[in-house]
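Let the sequences and hints guide you as you build the complete structure.
For reference, the chains in residue letters:
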Amino acid sequence: MTITTRVAGHRPQILVAIALGSIVLASCGGGNPVVQPNLDTPVSPNVQNTVPVTVGPNLAGFPNGIFTSVTVCDPEVYPVGQNPLGGPPLTQPCQTIDNILVDTGSVGLRLLESEAVDSLALPVVADSNNNTLYECVQFADMSYVWGTVARATIQMAGETASQVPVIYNPANPGQSNTEIANTGIPIQIIVSPVTTPTAVPADCLSSPATGGAPFAADSLQTLGANGILGVGSFLQDCGSACASTSPPNQYYYCPSNLCSVASVAQDVQLWNPVAAFTSDNNGLLLTLPLPASGASGPVTGSLIFGNGTQSDNALGQAEIFGIDAYGNFPEVTFSLTYPGSPPSLLVNYLSPQNGSYLDTGSPAFYFSDAQSLGIPECLNASGEPLRLYCPPYLTSGFAAQVFGTNKTQTNFAWNIDNGTSLLSSGNLVLTTLGGDSGIDASSDYVDLGLPFFLGNTVFVGFAGSAAYDPQGQLITYPNGYWAF
Amino acid sequence: MRNLWSASLIVLLWAAPGWAVLGEYESSINLDQQVLRVERRALARQGYKVHELSSPNGLVVREFVSPTGLVFGVAWRAPQMPNLQQLLGEHNMSELQQALAARMRCHSGAPLIVRTAKLVFVSGGHMRSFHGYAFVPSLVPANVKVEVMHDNHN
Chain P
1 MTITTRVAGH
11 RPQILVAIAL
21 GSIVLASCGG
31 GNPVVQPNLD
41 TPVSPNVQNT
51 VPVTVGPNLA
61 GFPNGIFTSV
71 TVCDPEVYPV
81 GQNPLGGPPL
91 TQPCQTIDNI
101 LVDTGSVGLR
111 LLESEAVDSL
121 ALPVVADSNN
131 NTLYECVQFA
141 DMSYVWGTVA
151 RATIQMAGET
161 ASQVPVIYNP
171 ANPGQSNTEI
181 ANTGIPIQII
191 VSPVTTPTAV
201 PADCLSSPAT
211 GGAPFAADSL
221 QTLGANGILG
231 VGSFLQDCGS
241 ACASTSPPNQ
251 YYYCPSNLCS
261 VASVAQDVQL
271 WNPVAAFTSD
281 NNGLLLTLPL
291 PASGASGPVT
301 GSLIFGNGTQ
311 SDNALGQAEI
321 FGIDAYGNFP
331 EVTFSLTYPG
341 SPPSLLVNYL
351 SPQNGSYLDT
361 GSPAFYFSDA
371 QSLGIPECLN
381 ASGEPLRLYC
391 PPYLTSGFAA
401 QVFGTNKTQT
411 NFAWNIDNGT
421 SLLSSGNLVL
431 TTLGGDSGID
441 ASSDYVDLGL
451 PFFLGNTVFV
461 GFAGSAAYDP
471 QGQLITYPNG
481 YWAF
Chain G
1 MRNLWSASLI
11 VLLWAAPGWA
21 VLGEYESSIN
31 LDQQVLRVER
41 RALARQGYKV
51 HELSSPNGLV
61 VREFVSPTGL
71 VFGVAWRAPQ
81 MPNLQQLLGE
91 HNMSELQQAL
101 AARMRCHSGA
111 PLIVRTAKLV
121 FVSGGHMRSF
131 HGYAFVPSLV
141 PANVKVEVMH
151 DNHN
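Protein chains in written order, with the working numbering: chain P, 1 to 484; chain G, 1 to 154.
Calculated from the structure, these hints are not laboratory results. In this text, all values refer to a predicted model and were calculated from it rather than measured experimentally. Every residue gets a Cβ at the ideal spot worked out from N, C-alpha and C, and that includes glycine.
Covered stretches of chain P, going by a simulated chain G footprint (3 or more residues, C-beta under 8 angstroms):
no.	region
1	134-142
2	215-224
3	325-339
4	445-452
On the chain P side, residues computed to face chain G include the following (Cβ under 10 angstroms):
no.	residue
5	A60
6	G108
7	V145
8	F234
9	D237
10	T360
11	A364
12	N380
13	G438
These stretches of chain G come out as covered by chain P in the derived footprint (C-beta under 8 angstroms, 3 or more residues):
no.	region
14	49-63
15	73-82
16	111-122
17	129-142
Okay, here's the thing in structure tokens:
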């Protein structure tokens with residue numbers, strides 16, 4: 001176990017290390033539970049920290065999806081307080097699930113229920129009356145996932161998440177690793193609202209299951225993947241709001257099949273699996289090559305765990321952009337400039353109303369809107385807009401100036417090609433796919449999706465992690481950072 | 001006890017007729033306030049009124065009321081997607097569902113924009129930071145720009 005003691009104005013001292021890298025803060029202010037597992041940039045032992053990721057052909061034919069495999073194991077479960085620290089060698093059954101979408105726009109591992117997942121018989125999270133914890137998550141596209149919260153040990157490369165990092169709770173300072181060692185981390189098993197015996201609550205399923213929307217993303221076809229590996233900058237998918245006395249509609253207990261919203265502690269919410277790894281848990285980096293023009297073959301890159309913890313994940317010359325409390329750049333200025341002219345469009349987007357962000361789970365560059373840009377919309381066969389851009393030819397001049405909370409800024413530009421031609425090409429790696437973010441400047445923003453990551457190396461630092469600035473000073477980012 | 005209370009609210013939500021807001025009279029906002037368990041304040045603007053409802057867990061809903069007393073638009077930002085059935089009402093929800101019926105139903109990770117003659121709906125953002133708005137074009141007062149519904153300071 002690693003223990004960090006903290007003295008105001010001094011760098012934390014790291015004492016003793018045996019195995020589990022969870023960091024216990026010996027003292028914290030405030031009355032609420034505080035999670036700060038990654039306040040330093042610890043150097044990990046030589047753990048294999050890289051898994052391959054691919055963009056291209058995939059089981060559901062999803063364009064610009066980035067996929068990897070995750071090994072999921074039944075955790076060792078012992079009576080409370082009897083878990084051996086560090087744990088015995090993992091001997092529990094495991095399954096490796098492929099075609100998992102790597103999503104920096106969400107948090108937590110969500111797996112479609114399958115024979116492989118069922119065979120593990122993962123223990124579920126339950127309350128003291130043995131009611132299973134369920135979760136409903138709705139996405140902006142009006143898809144939702146519904147299912148049980150189970151505990152699993154997650155393995156990727158040489159990394160293992162076998163428990164959530166200890167949450168220091170001033171009200172219960174005696175809580176220790178022994179109570180949670182090897183209990184696994186909470187993940188969601190996505191079930192179909194049609195087959196589950198538990199009625200999906202009305203505020204999750206706000207229309208009949210047969211209606212048009214919201215709709216359940218509960219199959220390979222509707223989810224586009226066998227699961228989602230949510231590795232955004234947050235440590236849990238909800239955080240303190242779901243642990244409050246007035247929780248939002250996200251976690252539920254369903255006694256007698258009647259679901260009611262539950263207040264659940266952060267240690268049983270879905271955790272960012274990488275933040276729960278024993279080592280290399282302060283962030284990750286994604287590096288993807290740019291496909292050759294017109295190439296349709298899969299693009300293979302690397303998902304590397306840890307930031308500045310090993311020789312292969314140093315931030316180097318990458319510039320760091322602190323993320324705000326909403327998970328966005330605090331400010332982004334979008335511009336459209338045709339060659340030889342001053343910008344014909346210049347719009348400033350502020351978070352959260354027009355919050356702009358990086359998201360591997362978005363398949364395109366989403367920015368501005370067709371009317372503001374004067375670019376045609378792609379239409380489907382019945383003439384309805386697909387909300388993708390269909391310029392007649394490859395068009396350049398789109399640029400963003402992004403700002404971090406630490407006052408850093410940079411500019412970059414991208415090109416957009418005809419969406420209909422791109423999608424009908426059969427190619428599933430589309431570097432120039434773009435679409436509307438809103439309908440006018442007041443509702444627009446910039447969602448830099450998967451195409452931004454092609455030909456790029458992008459770091460995601462998790463909430464509470466620290467990194468050295470160009471002056472060699474260690475800066476802590478309470479909401480995490482992006483660096484590229 | 002808490003859970004029982006929440007359960008009864010959910011039952012109320014499911015069963016209560018006429019808790020629609022968008023396109024309804026201003027008084028329907030009261031029910032919103034009850035169901036969403038939120039703080040509320042009203043702001044007078046040039047040619048319209050705004051009711052801002054905010055909950056301790058980060059949900060902010062703004063409802064725009066025309067001089068005739070009808071809610072012509074709703075805007076939201078929240079860590080979780082809000083209950084759209086609640087905000088849009090049954091009628092607009094079914095309009096939205098009809099418009100979406102022809103589309104491919106899969107998780108896309110993309111913003112959602114729907115424009116019909118009767119409803120405009122925009123939804124975007126990511127987990128822990130969603131935002132969007134919806135309005136009924138025919139109810140927007142002639143002298144009010146739709147942009148005000150998504151501006152920062154309205």
